[in-house]
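Protein chains: 2
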Amino acid sequence: MKEKKEQLTTAGYKGTRDFYPEHMRIRNYMFNVMRAVVESYGYEEYDGPMIESLDLYRAKTGDEIVGKQIYDFIDKGGREVAIRPEMTPTLARMVAGKLRELPRPIRWFSFPNLWRYEQPGHGRLREHWQLNVDIFGVDSNSAELEILKLACDILIAFGANKSMFQVKISHRKILDGFFQGMNLDPSKAQEVSKILDKKNKITHDEYLAEIKKTIPNLPDADKSIDAFLSSSLVTLDQIPGISSELIDEIKDFFAKIDKIGLGDIVQFDPSIIRGFDYYTGYIFEIYDSSPKNKRSLYGGGRYDNLIGLFTNDAVSGTGFGLGDVTLQNFLETHDLLPSLGREDIICIPILSEEITAEIFLMADEIRKSGMKCEMFLNPDQKFGKQISLAEKKGFKHILICGPDELTKGIISLKNLELRTQIEIPRSELVPRLLQEFNGKKI
Amino acid sequence: MKEKKEQLTTAGYKGTRDFYPEHMRIRNYMFNVMRAVVESYGYEEYDGPMIESLDLYRAKTGDEIVGKQIYDFIDKGGREVAIRPEMTPTLARMVAGKLRELPRPIRWFSFPNLWRYEQPGHGRLREHWQLNVDIFGVDSNSAELEILKLACDILIAFGANKSMFQVKISHRKILDGFFQGMNLDPSKAQEVSKILDKKNKITHDEYLAEIKKTIPNLPDADKSIDAFLSSSLVTLDQIPGISSELIDEIKDFFAKIDKIGLGDIVQFDPSIIRGFDYYTGYIFEIYDSSPKNKRSLYGGGRYDNLIGLFTNDAVSGTGFGLGDVTLQNFLETHDLLPSLGREDIICIPILSEEITAEIFLMADEIRKSGMKCEMFLNPDQKFGKQISLAEKKGFKHILICGPDELTKGIISLKNLELRTQIEIPRSELVPRLLQEFNGKKI
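Line by line, the protein sequences give chains A and B. Quick note: the first sequence uses the working numbering, first residue 1, plus one each step. Quick note: the second sequence uses the working numbering, first residue 1, plus one each step.
A few of these clues could be false.
The list cannot tell twin chains apart, which means a pair is met if one copy fits it or any two copies do.
Each computed BS3-like pair below joins lysine-lysine, with the alpha-carbon atoms no more than 27 angstroms apart [what the hints assert, rightly or not]: (1) Lys-98 to Lys-372; (2) Lys-408 to Lys-256; (3) Lys-14 to Lys-68; (4) Lys-14 to Lys-76; (5) Lys-173 to Lys-251; (6) Lys-294 to Lys-162; (7) Lys-194 to Lys-294; (8) Lys-414 to Lys-396; (9) Lys-368 to Lys-259; (10) Lys-149 to Lys-294; (11) Lys-188 to Lys-173; (12) Lys-292 to Lys-199; (13) Lys-194 to Lys-68; (14) Lys-98 to Lys-382; (15) Lys-149 to Lys-368.
Keep in mind the hints are simulated off the structure, nothing from the lab.
Go ahead and model the full structure; you've got the sequences and the hints to work with.
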């Protein structure tokens, strides 16, 4: 009697996804569309290792990530390492490593998978992929102009129109100026930023309580903050602490945004904060306009001192990151995912074992001409069963060629959708298939 | 006085690679060629998570990997997990998870990155990528025939010819039969297989000593082994223990290999063992023929019981894995890597800050027509410097358009290679560029 084996579960690790072919087709489609857009701007793809020294994240990232959310461990050589929770530290390390050789502007992009240890939930996974786009070596707002346009062009390349999303922009120095103008102790600035950043996610009372607790010495802080957050480009000069030079710079930037045709989807909004403290200039967020998916899709901004951890040289960067889950949610919300079928593959069942080699050679000819074909290799299966398998696999065309057809030199091409069938001489097979497929007559 | 900061190293984690754009272009080129070949056979891409439960590897893989070579750790929830050292356990888990829904044959491929903790050395890295190709649900040797042909077609698609590589095939059951024929204790079979597998990597004396130590009760073992290892399809029937049915099956397989045109590169070789003990049928290895890179490039075979860890259902699989480092070594050895330049990108320097928006709109038109262009965004840089940057970046064409040219409506297109220049009216820019590029007149 056989011993009963203990069986393993087929479930994957918590908070991760198995990409079966139908899911992988979506991921590849999304990556390919994004890649085409960023490459049309001259961005070049890079990648780094999945594992980095833990010091790299300790030095840069907020406490929360290094403390609880990072996948860190000690390797078998005693080194403290971590699986990357974000790409920016690796990017900064690589740019710093070859800074003097790299011709500028440096335009780079990547599609890393990132890991965070968090409670899996709506749109929050332990492993996700993220498009990272960055430009280094441009000090003027032309860098932001390009990055903003590129970020919009990505959604437009998926078929989105301008009613589906909105871009909100602010500038890190506005917030800094405002804090100075209200005499906020500089040591409190980061804490208050964080409260403002989450203002819309907590109740108004909770918000007021946090502000009062953090800056008890500024009793009217909430009123100043309200005035600041609701200010526009026109009223910004009424906020104490914000220089007229900065306001002029922002107005110049918005004039350019108008001129390149993005005026109707980009707006100034001082409530844009973004969590990371490394931003030093413009910051932006792109929001889904649908009431069903009302959320920030992605964002970015300018950071000027990212490589300072590695070198005394300085280079200014501007960039953004766009996650695959967020993007897919957006595309599904607006019904922008195309059907990603397998109609382009010709199915060739081997109907008898003895003609295996002949069918292999036929398939080879078809492939060499640039078409795709898949053989069914179980001749014992009934023909009706093979037809239904071909349909289940999403194929539209099936070539019927048994020993008799081979002898006669005539092959039948069946259209599974239209239920039509035509006969093609074996000697003309490839040119006729090419003709039929290119002319879409089949 | 500023405090001197301690700076981090720009070196990546030991045994890993940073893929700067010039390296990433090679990786993408290799993946794209491989993808085109496997997709032309109807294979579909899948992917799984980077981390799996450690049990998945404990249950399947050899001791060496789980013991010392695996990146395992305890996650923050107390689970024993590991970074994948190979893709097969994930593949088996995913196939088992949907076995009854998936129409067969199941043809899948993937490009996972894999991690092994080992001493980095020639061709041995801690992180590498590997094409994995597998077909499930075909019991006849048609599956092996397809996998073999596909494995060869990949090298041919890179421009290799048949003098550059060789395929050697054996069958797991030949080895089993031979062991039975020599009355080897079944408990010693795996150990002896491993010694035979590494026979060519150790000295003959070391080999003899290991054999003697492992099977002291079979004093003539080395002579039997020599006779076995040097046997051909013609002399195989003289080896005790190997059934005539098996020999007929292998002869039938080689007849098919001949018929589909692979006879001159595939040969029978009983010394092919392959390390993994899960193979149950044909096994093969592809060798580089160059004396400079005389080594096994990749290999695979048939395994019949891989999903048995998860389910009582059974499905037969055949597949192989091809690593990126090995492939690149092969391509470099035979000078098969093409130059992967950036000649297709048109460079557009912004020559004056005030025309930024106009140049953005021009670049937009060019991109929308399907061409790529990269702007230089630092108008203060001297023109000569911008030209030399464009050359350093590998661009071949540069559009020259300052405020004067814009007013006159005439743009110059300079060929940096030929040092020629033509003038194009602004209103005809995109159609003229398309014409010039498609006709390769530029």
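These are the hints, each one checked on the structure:
no. : hint               : verdict
1   : Lys-98 to Lys-372  : between (42 angstroms within a copy, 25 angstroms between copies)
2   : Lys-408 to Lys-256 : between (70 angstroms within a copy, 22 angstroms between copies)
3   : Lys-14 to Lys-68   : both (16 angstroms within a copy, 25 angstroms between copies)
4   : Lys-14 to Lys-76   : both (25 angstroms within a copy, 12 angstroms between copies)
5   : Lys-173 to Lys-251 : within (14 angstroms within a copy, 78 angstroms between copies)
6   : Lys-294 to Lys-162 : within (15 angstroms within a copy, 58 angstroms between copies)
7   : Lys-194 to Lys-294 : within (21 angstroms within a copy, 60 angstroms between copies)
8   : Lys-414 to Lys-396 : within (8 angstroms within a copy, 48 angstroms between copies)
9   : Lys-368 to Lys-259 : between (49 angstroms within a copy, 18 angstroms between copies)
10  : Lys-149 to Lys-294 : within (21 angstroms within a copy, 51 angstroms between copies)
11  : Lys-188 to Lys-173 : within (16 angstroms within a copy, 73 angstroms between copies)
12  : Lys-292 to Lys-199 : within (20 angstroms within a copy, 65 angstroms between copies)
13  : Lys-194 to Lys-68  : within (18 angstroms within a copy, 44 angstroms between copies)
14  : Lys-98 to Lys-382  : between (62 angstroms within a copy, 23 angstroms between copies)
15  : Lys-149 to Lys-368 : between (40 angstroms within a copy, 13 angstroms between copies)
In this structure, every one of the numbered hints holds.
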